[in-house]
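Model the full assembly from the supplied sequences, consistent with the hints where possible.
Chains as they are written, first to last, in the working numbering: chain A, 1 to 234; chain B, 1 to 477.
Think of the hints as simulated: they come from the structure by calculation, not from any bench.
Mixed in with the good hints there might be a few duds.
[As the list claims (entries may be wrong)] Part of the chain A face toward chain B, derived, beta carbon under 8 Å:
| hint | residue |
| --- | --- |
| 1 | H12 |
| 2 | G19 |
| 3 | T26 |
| 4 | P48 |
| 5 | A86 |
| 6 | Y100 |
| 7 | Y102 |
| 8 | S110 |
| 9 | R111 |
| 10 | P115 |
| 11 | M145 |
| 12 | P146 |
| 13 | W150 |
| 14 | E153 |
| 15 | D160 |
| 16 | L168 |
[To be verified] Here are the simulated DSSO-like pairs of lysine-lysine, each with C-alpha atoms no more than 27 Å apart in a straight line:
| hint | chain 1 | residue 1 | chain 2 | residue 2 |
| --- | --- | --- | --- | --- |
| 17 | B | K88 | B | K17 |
| 18 | A | K226 | A | K123 |
| 19 | B | K421 | A | K123 |
| 20 | B | K373 | B | K88 |
| 21 | A | K226 | B | K421 |
| 22 | B | K17 | B | K373 |
Just so it is clear, CB atoms sit at the ideal spot from N, CA and C, and this is done for glycine as well.
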Amino acid sequence: MLSIEQGKESLHRLIEGRGWLFAVLTTVAISIGGLVEIVPMFTARLGPEPMPGITPYTALEIAGRDIYIREGCYTCHSQMVRPMRAEMLRYGEWTRAGEYAYDHPFLLGSRRIGPDLQRVGGKYPDTWHYEHMRDPRSTSPGSIMPSYGWLLEQRYDTSDVVASLKALRKVGVPYTDEQIVGAPASMRAEAGDIVGRLATAGVSTDPDREIIALIAYLQRLGRDGKAALSRGAP
Amino acid sequence: MVGVRPDESTYDDAVVKMFLGATVLWAIVGMLVGVVIALQLAWWPANLGLQYTTFGRLRPLHTNAVIFAFGGNICFTGIYYSMQRLLKTRMWSDVLSRFHFWGWQLIIVAAAITLPLGLTQSKEYAELIWPIDLAIAVVWVAFAVNFFGTIAVRRVQHLYVAIWFYMSFVITIPVLHIVNSMAVPATLTRSYPVYAGLTDGLVQWWYGHNAVGFFLTTPFLGLMYYFLPRIAERPVYSYRLSIIHFWALVFLYIWAGPHHLLYSALPDWAQTLGMVFSIMLLAPSWGGMINGLMTLRGAWDRVQTDPILKFLVVAVSFYGMSTFEGPMMSLRAVNGLAHYTNWVIGHVHSGALGWVGMISFGIIYWLIPRLWKRPLAHPTWPATHFWLATIGIVLYTVSMWAAGLTEGLQWRALDAAGQLKFPLFVDIVHQLRPFYWMRLVGGSMYLAGAVMLGWNFLSTIRGRSPRIEPMPAAAAS
Chain A
1 MLSIEQGKES
11 LHRLIEGRGW
21 LFAVLTTVAI
31 SIGGLVEIVP
41 MFTARLGPEP
51 MPGITPYTAL
61 EIAGRDIYIR
71 EGCYTCHSQM
81 VRPMRAEMLR
91 YGEWTRAGEY
101 AYDHPFLLGS
111 RRIGPDLQRV
121 GGKYPDTWHY
131 EHMRDPRSTS
141 PGSIMPSYGW
151 LLEQRYDTSD
161 VVASLKALRK
171 VGVPYTDEQI
181 VGAPASMRAE
191 AGDIVGRLAT
201 AGVSTDPDRE
211 IIALIAYLQR
221 LGRDGKAALS
231 RGAP
Chain B
1 MVGVRPDEST
11 YDDAVVKMFL
21 GATVLWAIVG
31 MLVGVVIALQ
41 LAWWPANLGL
51 QYTTFGRLRP
61 LHTNAVIFAF
71 GGNICFTGIY
81 YSMQRLLKTR
91 MWSDVLSRFH
101 FWGWQLIIVA
111 AAITLPLGLT
121 QSKEYAELIW
131 PIDLAIAVVW
141 VAFAVNFFGT
151 IAVRRVQHLY
161 VAIWFYMSFV
171 ITIPVLHIVN
181 SMAVPATLTR
191 SYPVYAGLTD
201 GLVQWWYGHN
211 AVGFFLTTPF
221 LGLMYYFLPR
231 IAERPVYSYR
241 LSIIHFWALV
251 FLYIWAGPHH
261 LLYSALPDWA
271 QTLGMVFSIM
281 LLAPSWGGMI
291 NGLMTLRGAW
301 DRVQTDPILK
311 FLVVAVSFYG
321 MSTFEGPMMS
331 LRAVNGLAHY
341 TNWVIGHVHS
351 GALGWVGMIS
361 FGIIYWLIPR
371 LWKRPLAHPT
381 WPATHFWLAT
391 IGIVLYTVSM
401 WAAGLTEGLQ
411 WRALDAAGQL
421 KFPLFVDIVH
431 QLRPFYWMRL
441 VGGSMYLAGA
451 VMLGWNFLST
461 IRGRSPRIEP
471 MPAAAAS
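The following block contains the structure:
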């Protein structure tokens with residue numbers, strides 16, 4: 001019943017009779033496309049060029065980015081403005097490849113259940129983000145985003161962030177020894193600034209809360225790129 | 001089968017039964033999580049205020065559970081069952097078979113624990129943290145050794161077309177998995193990929209698209225080539241077509257990944273390659289569909305009465321439809337509208353629910369009486385399951401098309417002055433509410449069908465109905 005049209009001794013019949021040869025040919029067939037597309041990305045001429053003026057994330061921003069990843073924010077929010085009129089009206093300048101130079105992992109996202117966040121940095125004050133995470137409907141009436149109250153309670157761990165910076169340096173992010181050793185102090189300073197800005201707006205919180213790190217990351221998004229583009233970068 | 005049928009008792013069907021049971025269990029779990037996150041989009045408080053159950057943490061659990069737990073286990077069920085019969089030999093190593101089974105289930109349990117805890121690498125369908133990634137590689141090597149070991153000790157000379165497709169699955173998945181998962185650990189649960197930015201994106205979508213290609217397509221085509229002719233009792237329509245579409249499919253599929261990054265800042269040459277190869281992919285995909293549907297020539301009268309054949313026909317038809325829709329969505333102009341929208345979700349589910357789910361259900365209903373040598377405890381239920389699932393898919397895909405077009409068009413709508421017609425994003429989100437509820441109904445119907453299968457399965461294997469020996473043909477339907 002299962003027999004295929006037999007009796008015709010074709011070249012393919014010879015391959016079908018040799019399992020190892022079949023496996024080798026299959027491996028060749030599935031390798032070509034990936035090699036042609038991926039390998040050139042590592043060359044300067046064909047791959048994306050790093051954009052001048054893009055700097056690595058600070059230690060506090062990395063802590064915030066790790067929270068962004070943990071919470072799966074990318075399942076609902078993209079970080080890629082496409083070069084289309086409506087997108088640029090809604091979100092701002094379209095995203096250049098070089099803006100992602102220090103993004104490990106990339107967080108472009110594949111779905112916009114909520115709006116794109118590539119240019120959200122600086123769009124709202126810190127208190128807006130604080131209130132938005134506490135109750136998204138307080139800042140965006142009708143939002144379907146869940147409330148992230150636990151970010152206002154839980155604390156991030158500075159020694160954990162040092163481990164992250166060390167690993168990121170191994171994959172090519174140019175952190176200096178001073179930046180890594182001084183990460184806990186720089187995090188305290190940066191978090192203190194955010195807590196200060198929140199306090200002047202009437203919100204009282206501690207600098208070691210996860211929400212502070214997340215605000216630092218969100219307020220950074222797209223800002224280097226925007227500044228570089230306003231200076232005339234391509 | 002032409003020639004002598006060797007004694008079935010020499011085959012290791014115990015491991016096939018284990019994989020089949022796991023398939024049914026994970027199908028229900030994975031689809032249930034899908035229904036929960038569908039509810040969360042329609043009614044946001046459905047995470048019950050817990051951080052472990054937000055959409056952001058459960059969505060990866062849903063995708064991993066249905067692709068690797070449900071999809072993986074049914075592939076292994078079908079492969080272990082059909083390989084032994086096609087190669088007329090027992091699996092090479094019972095130890096490796098069991099290592100593969102328990103290793104794979106352990107990985108799934110680890111995924112179900114870590115993902116709600118927020119332990120993730122964030123790359124779609126590759127979210128699992130690095131220690132689990134290592135475990136996947138080890139278990140896959142065990143499977144591959146057993147697979148090629150069985151081919152080496154086979155008692156037939158030529159490899160049947162189903163084996164070709166299985167082989168592309170066994171070879172390609174570890175290549176994709178290892179290259180995409182290259183990362184430097186920071187802690188036991190956190191790591192950072194060696195690739196940066198859009199290069200990481202390209203590697204990820206080369207992986208992600210080919211996970212669809214080589215996890216949800218080629219092994220299932222292999223299953224189609226074995227089970228469809230056996231169930232329909234007709235020979236495969238064209239041997240020559242199977243050769244052409246196999247080689248074209250495995251060669252072309254790999255190139256199509258960049259269509260997930262159209263209009264991004266990925267270099268134009270890569271975007272164009274992705275688009276062009278996606279269009280070409282239509283031909284070998286439809287080659288498979290035509291070979292499947294034409295195999296039923298002379299058996300169409302049985303499709304009217306046999307729910308198992310109904311499952312298979314709808315599966316192959318959905319394969320044809322979603323492999324037509326995919327290339328169309330890869331056209332830059334269409335992608336500009338469809339990308340980021342629910343249309344993509346609808347497309348994925350016409351493939352996942354329609355093709356992968358339906359062919360799996362058909363195979364499971366055919367295998368249960370043969371493996372446990374008992375008739376189904378509820379022989380009329382598969383027909384009900386079929387209609388629940390089919391209507392569920394239609395509700396699902398239609399609502400997601402409508403939702404996708406609505407948001408896609410409203411995002412870009414401009415008024416006479418050239419300004420955004422819907423400047424508030426949340427206003428557009430609101431338009432989607434009715435579609436989210438409709439999708440929830442469709443998905444719940446599909447889940448209800450899977451629960452019927454689970455109940456029927458348990459009743460059959462634990463029931464006291466007499467064992468049947470030898471199998472009467474009627475018990476299959």
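So which of the earlier hints does this model not fit? When the structure is compared with the hints, only number 14 turns out to be violated.
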